[in-house]
Amino acid sequence: MLPMELFTLQGLWFVLAGIFLIGYAVTDGFDLGTGFPMIFMKNEEDRNVLYNVIAPVWDGNEVWLIAGGGMLFAAFPAVYAASFSGFYIAILLVLWALIGRAIAFEYRNKSESLAWKRTFDFIYWIGNVLPAILFGCAVGNAVVGVPIDKDGAYLGDFFTLLRPVPLAMGLVSLFMFAMHGAAYLLRKTEGSVFEMAKKYAVISAFGYLAAVVLTNILSLIQAPYLYENYLKYPIFFIVPAVMLISWIVYLRLLKSGKYEKMVFVSSVLSGATVLNVALASFPVFIRSTINPEYSLTVFNSASSELTLKVMLIVTIIFMPIVLYYTKYAYKVFAGKVKGDTGYYH
Amino acid sequence: MDLLALSRFQFAFTAFMHFVFVPLTLGLSVLIAIIKTLYLKTKNPLYDELSMFLMKLFAINFAGGVATGLTMEFEFGTNWFQYSKFVGDIFGSPLAIEGLMAFFLESTFMGIFLFGRGRISEAMHTFSAWMVALGSNLSALWILIANSWMQTPAGYKIVETQQGIRAELTDFWAAVLNHTTVIRFLHTVDAGQITAGFFVLGVMAYFLLKKRHVEMAKLGMKVAIIYTSIVSVLAIIFGDIHGYYVAKYQPLKLAMAEGIWNTEKAAPVLPIGWVDQTEQKTYAPIAIPGMASFLSYHDFNAEVKGINDLIKEYQQKAKDYESKAAELEKQYAVNPTPELKQQIAEYKAYAKAYNISHADLPSVNIVFQSFHFMIGLGFLFAFISLWGLYLLKKGTIYQNTAFLKTVLYSIPLPFIASQLGWFTAEVGRQPWLVQGMLKTADGVTYFNTSANVLFSVVTFILIYTGIFVIYVRTMKKKVQEYAEKDVVVDYETIPTTVQVGMYSKDTKGGV
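Chains as they are written, first to last, in the working numbering: chain X, 1 to 345; chain G, 346 to 856.
Just so you know, not all the hints are guaranteed correct.
Calculated cross-link-like contacts (lysine-lysine; reagent style DSS-like; alpha-carbon spacing at most 25 Å) [to be verified]:
#, chain 1, residue 1, chain 2, residue 2
1, X, LYS117, G, LYS693
2, G, LYS821, G, LYS555
3, X, LYS338, G, LYS401
4, X, LYS150, G, LYS784
5, X, LYS110, G, LYS823
6, X, LYS110, G, LYS401
7, G, LYS502, X, LYS110
8, G, LYS502, X, LYS309
9, G, LYS502, X, LYS150
10, G, LYS830, X, LYS110
11, X, LYS150, G, LYS693
Don't read these hints as lab results, they were simulated from the structure.
Bound conformation, chain X alone (with noise of 0.2 Å):
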């Protein structure tokens, strides 16, 4: 029912793999699908409403990708030399957008000059928006597949990643982002910023929807190998039922005013698009072009076995304990926030 490859020690690095991914979308994305209206709010108050929501743990939240990307490394060194290496320019926008944001975070309340903080507003906005849409289209481009030979070197350029299947990826990622950051400021907001959350849902999960069926309708034309897992294992069709339920309940949860809910069903729902996308692929991390000899899977790119179990314990060890007290955060900051004061300290 459930493929061989799963139940060895790289296929069940390659789930790992993806429980971090997933708790970089689920908890980054609160910071980045917060940040997407910022440069449409009108007044000072609601701008750092924006900022207060995630001020408290938005550190802790970034530090999946930085863990994600040691874990990359340590497990499947090849795929992260190939794809860092690969994605140069796209790789380095990401990471300036975050140097961006992070930046913006600390420094733009450090003046009372408006244009000061107009320009870490905007930022702060392109820090958000741009990791969001890159990082769907980097998993986009990694499944659909790059020119990468026998080594793992890369051979194309950066317009070589800018392909219609990859980039509509990237705008599911974006609107999955979206809802989620909308799902959170509903929890974490009131006034007029919570009003401006309950369109903003509405638009993100329709945006969403037609970046799916967008995804979808191009995959089938130009990618259609994306669907033989599904074909030949029936029942990973679950996950984009989950998808599809989450999606539903979300809009009845809005609809009726259960918004405390939102975020779980948010968070399920970033959860099941990242799942979905990595079954399509599995066991190919980077699918090759060239020659699908030359992909990246589970098995041609792991670590040594030693290395990976040494992983496996350390991650079985420190997992609950960075989950405990990354609860407990969220816990001692639950509540509304305020927009009376900037983010100071």
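For this one, chain X is given, so just place chain G on it according to the hints.
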């Protein structure tokens, strides 16, 4: 322009800029936790005020560290493709563990410490400060484990895999606790403590000179001078031990750092000098005979190997590996076993790595000068802090303008010393990326274009210069603003359960 040169420059520049922020993070987190604990014990609100003020400066510094640290995590993959594939099996793990064990801890509790006041108990608040300190220093531990492995690799074997040749882990603890991990960790973290010690001393001196927040500044000064004295004396001890290990495991680095070209017994220390690489000479007005031998081997008569002889030695090593490989290849032709194939691959890798010439050397002068200036600064820090300790005992430290001015203007010096230390360590490791295993030239993303890297180098320079300027300006401004402001320490109502503002106590500043 040359792809390799650009890639090297980019890594050096971004690592350098990252380490502008790191040392202060390592030390200040500990000092803040100590001061916060003193508050919990003494209930003196001045300690509380001081810890919160320092935390604001810490946060500004931390943001720079996070932003520039992200680059380091990405850059192995983006620019050092061959390296990442070669060492990922071993080198990736410490990076991943750093994230999992340390960086999550540091970041999460940082948020709790900064914004949690009023939502958590004072004990929990103090605990958070300690977790931030623990997280940042654990982070340094794992990064130094990774870096030390590049300096003195252990616990591995070289194997041929589907993805090409690479180093694979054979013994996790041997790789983690390789020959130099412990001492390099202690040395680096201690340098961070000195940086923070001098930073706090300088800021307190500024207040004392301006006659602002005098009572608080006195407390801060006292804590900082005691702390700094201890850590600067430790630095000399750690530095000495570190040198001993370098001599033992990285003789080429030692020879470059001391400017010794030809093997000699009772090798001298040249306190000041200039290295002429083309002439293969080190010009120095003074030489302290036997001192380099003593510092390296704790024996005045010991033989210290020179650069020229070491290169010859390595070339011989390369030849030996080559002939061993050739011999095995003959055997392999008759009896092709996978074991033989692996053995051949391993010998060939070593033959390639040890085949170095004078042309592969880095600028020896950089290694020499940075090493010497770092040591000079190290002694200066010990001298200044012991002077302060003496004044503290005499009871005149708070009025001694000469001392106060000295520490104020010394703020940048430990930052510089840390950078010089890394110049010695990293330039001194050349021509290898992983000592004796992989040359730097063989680690680069060879299929990248120079245009790409030139573009990223220029962008990094622009962004990082911007960050650096804003960082220094903001730090200065925060301290000056604080000096101007009238701080009222409310002895009655130190917040415990009050819900304050958003997450801050007043509308401007003060958590």
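Restraint status (C-alpha distance of G:LYS502 to X:LYS150 at most 25 Å): holds, 23 Å
If you draw a straight line from the CA of G:LYS502 to the CA of X:LYS309, is it 25 Å or shorter? holds, 17 Å
> Can the restraint linking X:LYS150 and G:LYS693 be considered satisfied, given a maximum Cα separation of 25 Å?
Replying inline: holds, 21 Å
### Query
Between G:LYS821 and G:LYS555, does the CA-CA distance stay at or below 25 Å?
Holds, because 14 Å separates the two Cα atoms, which is no more than 25 Å.
Report task. Below or equal to 25 Å on CA atoms is what counts here, so check X:LYS110 against G:LYS401. Result -> OK: X:LYS110 and G:LYS401 at ~11 Å, within 25 Å.
Between G:LYS830 and X:LYS110, does the CA-CA distance stay at or below 25 Å?
Holds - the C-alpha atoms of X:LYS110 and G:LYS830 are around 16 Å apart, at most 25 Å.
Can the restraint linking X:LYS338 and G:LYS401 be considered satisfied, given a maximum Cα separation of 25 Å? holds, 21 Å
Between the alpha carbons of G:LYS502 and X:LYS110, is the straight-line distance 25 Å or under? Distance of about 52 Å is beyond 25 Å: violated.
Review point. Is X:LYS110 close enough to G:LYS823, meaning Cα to Cα at most 25 Å?
Key: Given that 25 Å is the threshold and the Cα spacing comes to 8 Å, the pair holds.
Task: Straight-line alpha-carbon gap X:LYS117 to G:LYS693, limit 25 Å - done: violated, 58 Å
*Restraint status (C-alpha distance of X:LYS150 to G:LYS784 at most 25 Å)*: holds, 22 Å
Violated hints, in rising order: 1, 7; the structure is consistent with all others.
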